[in-house]
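Engineer: Assemble the whole structure, with the sequences as input and the hints as a guide.
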Amino acid sequence: MEMTQYLDIFIEESKEHLQSINQQVLLLEKTPGELSIVNEIFRSAHTLKGMSATMGYEDLANLTHCMENVLDAIRNNKLDVSSSVLDVLFASLDHLEAMVVEISEGGSGKRDVAETVKELEALEKGEVPRSMQVEANNEAGSLQDYDQYEKQIIIQSKEQGFHAYELSISLREDCILKAARVYMVFEVIEQIGEIIKTLPAVDMLETEQFGTHFTLSILTKESAGNVKERILKVSEVDAVEVIDIKADQLNISSNPEREENDKLEQLEVSPQDKKSEVQQTSNAGSSGKTIRVNIERLDQLMNLFEELVIDRGRLEEISKSLKSMELNETVERMSRVSGDLQNIILTMRMVPVEQVFNRFPRMIRGLAKDLGKKVNLEIVGAETELDRTVIDEIGDPLVHLLRNSIDHGIENPGVRSSKGKNETGTIYLRAFHSGNHVFIEIQDDGAGINKQKVLSKAIENGILTKEMSENLTDTQCFELLFASGFSTADVVSDISGRGVGLDVVKNKIESLGGSITVDSTEGSGTIFSIQLPLTLSIMSVMLVEISREKYAIPLSSIIETAIIRKEEILSAHNQKVIDFRGKVVPLVNMKDIFEVPGSTGSGQHVPVVVVRKGDKMAALVVDSFIGQQEIVLKSLGQYLTSVFAISGATILGDGQVALILDCNALIK
Numbered sequence: 003m004e005m006t007q008y009l010d011i012f013i014e015e016s017k018e019h020l021q022s023i024n025q026q027v028l029l030l031e032k033t034p035g036e037l038s039i040v041n042e043i044f045r046s047a048h049t050l051k052g053m054s055a056t057m058g059y060e061d062l063a064n065l066t067h068c069m070e071n072v073l074d075a076i077r078n079n080k081l082d083v084s085s086s087v088l089d090v091l092f093a094s095l096d097h098l099e100a101m102v103v104e105i106s107e108g109g110s111g112k113r114d115v116a117e118t119v120k121e122l123e124a125l126e127k128g129e130v131p132r133s134m135q136v137e138a139n140n141e142a143g144s145l146q147d148y149d150q151y152e153k154q155i156i157i158q159s160k161e162q163g164f165h166a167y168e169l170s171i172s173l174r175e176d177c178i179l180k181a182a183r184v185y186m187v188f189e190v191i192e193q194i195g196e197i198i199k200t201l202p203a204v205d206m207l208e209t210e211q212f213g214t215h216f217t218l219s220i221l222t223k224e225s226a227g228n229v230k231e232r233i234l235k236v237s238e239v240d241a242v243e244v245i246d247i248k249a250d251q252l253n254i255s256s257n258p259e260r261e262e263n264d265k266l267e268q269l270e271v272s273p274q275d276k277k278s279e280v281q282q283t284s285n286a287g288s289s290g291k292t293i294r295v296n297i298e299r300l301d302q303l304m305n306l307f308e309e310l311v312i313d314r315g316r317l318e319e320i321s322k323s324l325k326s327m328e329l330n331e332t333v334e335r336m337s338r339v340s341g342d343l344q345n346i347i348l349t350m351r352m353v354p355v356e357q358v359f360n361r362f363p364r365m366i367r368g369l370a371k372d373l374g375k376k377v378n379l380e381i382v383g384a385e386t387e388l389d390r391t392v393i394d395e396i397g398d399p400l401v402h403l404l405r406n407s408i409d410h411g412i413e414n415p416g417v418r419s420s421k422g423k424n425e426t427g428t429i430y431l432r433a434f435h436s437g438n439h440v441f442i443e444i445q446d447d448g449a450g451i452n453k454q455k456v457l458s459k460a461i462e463n464g465i466l467t468k469e470m471s472e473n474l475t476d477t478q479c480f481e482l483l484f485a486s487g488f489s490t491a492d493v494v495s496d497i498s499g500r501g502v503g504l505d506v507v508k509n510k511i512e513s514l515g516g517s518i519t520v521d522s523t524e525g526s527g528t529i530f531s532i533q534l535p536l537t538l539s540i541m542s543v544m545l546v547e548i549s550r551e552k553y554a555i556p557l558s559s560i561i562e563t564a565i566i567r568k569e570e571i572l573s574a575h576n577q578k579v580i581d582f583r584g585k586v587v588p589l590v591n592m593k594d595i596f597e598v599p600g601s602t603g604s605g606q607h608v609p610v611v612v613v614r615k616g617d618k619m620a621a622l623v624v625d626s627f628i629g630q631q632e633i634v635l636k637s638l639g640q641y642l643t644s645v646f647a648i649s650g651a652t653i654l655g656d657g658q659v660a661l662i663l664d665c666n667a668l669i670k
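So the sequence shown is numbered by our numbering: it starts at 3 and just counts up by one.
Please note: incorrect hints may appear among the correct ones.
[What the hints assert, rightly or not] No farther apart than 27 Å at their CA atoms in a straight line, the calculated lysine-lysine pairs in the BS3-like style are these:
(1) K112 to K127
(2) K223 to K248
(3) K199 to K223
(4) K468 to K423
(5) K468 to K455
(6) K223 to K235
(7) K510 to K32
(8) K585 to K615
(9) K199 to K180
(10) K51 to K112
(11) K459 to K510
(12) K17 to K32
Don't read these hints as lab results, they were simulated from the structure.
Structural biologist: Next up, the structure:
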């Protein structure tokens, strides 16, 4: 049986099943007792196992089989859902995703998963996996986790000549009065220094709620040998191990908000009630009648239709010049049909943004765990549709913004409590349609943006001077965040701080024909708003004429067209301006910008097109307006990538080429 013809289908369906399992495991973390979720995960895993085995990917099939066994143990109440069990399942999913990616790149899908398989088999038998045993041993007391306050005490004491030791003390197995021996050890230590931490806690030591081993962290000026010798003199103390606590081991943060959080409680994925989640899981498997079409075929179909749009424009021109009633009727009917056809083709290319959004809950869970924060991600409007080409590009900018929100925005639980906030921070990820645009918003209820800190960093980096900073509005101040290399992080971590995030985000979104704005209230949170076009290939424009050349201005950038009298043109700072509804708007002469040959108009009236980018406006001077039209956007090719203020070109109905203006570049 020839398998290569089924490979594309296998890869696509495997990705869908893995995405579904990821979502369901996150739901299971929130509602551990919900068996319908376990059954849904089991079904997806079982299907994936069968497909992998059929295609001959044995490693993939074996790992999925081990996952199935663990899921079976959960649904038969032989195994409880715990954070550790979910961590092993997530590790398995990471391996499966890596295998599928390798297969999609032409690889064999082989991967060393022996360690994860052993952990899954241990869970299935009811044993504790090795990785979880290591965690338990760490908790029993080698190097302890110190909070910010304890770290500060240790570092300050070391500066004053004290030694910081961690004492691992073992009592004899036949020790009868363990609490008395602990008390005697405490007495010895208090004669030479101070105890700053015990493991287990003091009350548990006093009530003998421990084995034969306990750990103390002490500060003393005695040497390690003297400390060990003194403690060994206490009867029934079997062994003492002394570890010197080094300052660099403490990994103290220069950010006082970076307090340690011992345990991350279960992360909520969505605040929807349990019923809706169960309903969602039951509906997840049901799908409509669909057919898979390669995106390249849709691109070809779009290109052919674009040619049809050009010919339609040409026919409309011919019909106007011939003034034939029958031809007019036929062309009008053709326009209606091709308009419907255009809508269908554009709809076929539309994909729900949930394809991008679905990967974020898992990412937020991992980041929150790494940073010791509690975060709840709330997704709204995941069914909103965008063009496939935009969907493919928007993922990375959203990842940057979400990482930014969780790292810079959401505070640590202790800090949130001290401010009277809920310990669990919330990040909202919203998508919605408005006109010919899709808006995506990322909002958090964190610390907000410290305007003074932003200005200080901008002055320090030479982005603006101290004098310039005094007159900046809040909006202008927040826009500094998008400057290249700008970062307010005090420490460079693997999550953020290198200043390569927001400028990359802005460039990517503007390359898609969109824009990004930021608003913030210090102490309450920040909201990033992204505006994107529905599609990148067909757009509505206003055609204008400059001398004998035709240009297209996207309607999404236009506020108004107007005809002004020459005496209304004023001058300010060597720049011609007009008063537009109470605002001073600079006048941009398109003939000068594009060096169009031809005499300047001698009439008393000047046609202008007022365009906007964010809160900035400009009035473009043209010779005449031709009218509104739908055009097909064509790139200028690799040789003309750096042409100023031109985003592409289009072929008009009469065969002429019209250049499409980039209003963002003109205003900038």
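Engineer: Give a verdict on every hint.
Structural biologist: Hint check results:
1. K112 to K127: 26 Å, holds
2. K223 to K248: 15 Å, holds
3. K199 to K223: Since the Cα atoms of K199 and K223 sit roughly 17 Å apart, the hinted pair holds (cutoff 27 Å).
4. K468 to K423: It is violated: about 35 Å lies between the C-alpha atoms, which goes past 27 Å.
5. K468 to K455: 13 Å, holds
6. K223 to K235: 19 Å, holds
7. K510 to K32: 35 Å, violated
8. K585 to K615: Holds - the C-alpha atoms of K615 and K585 are around 15 Å apart, at most 27 Å.
9. K199 to K180: 19 Å, holds
10. K51 to K112: 15 Å, holds
11. K459 to K510: Roughly 24 Å separates the two Cα atoms, so the pair holds.
12. K17 to K32: Holds. K17 to K32 sits at ~23 Å (cutoff 27 Å).
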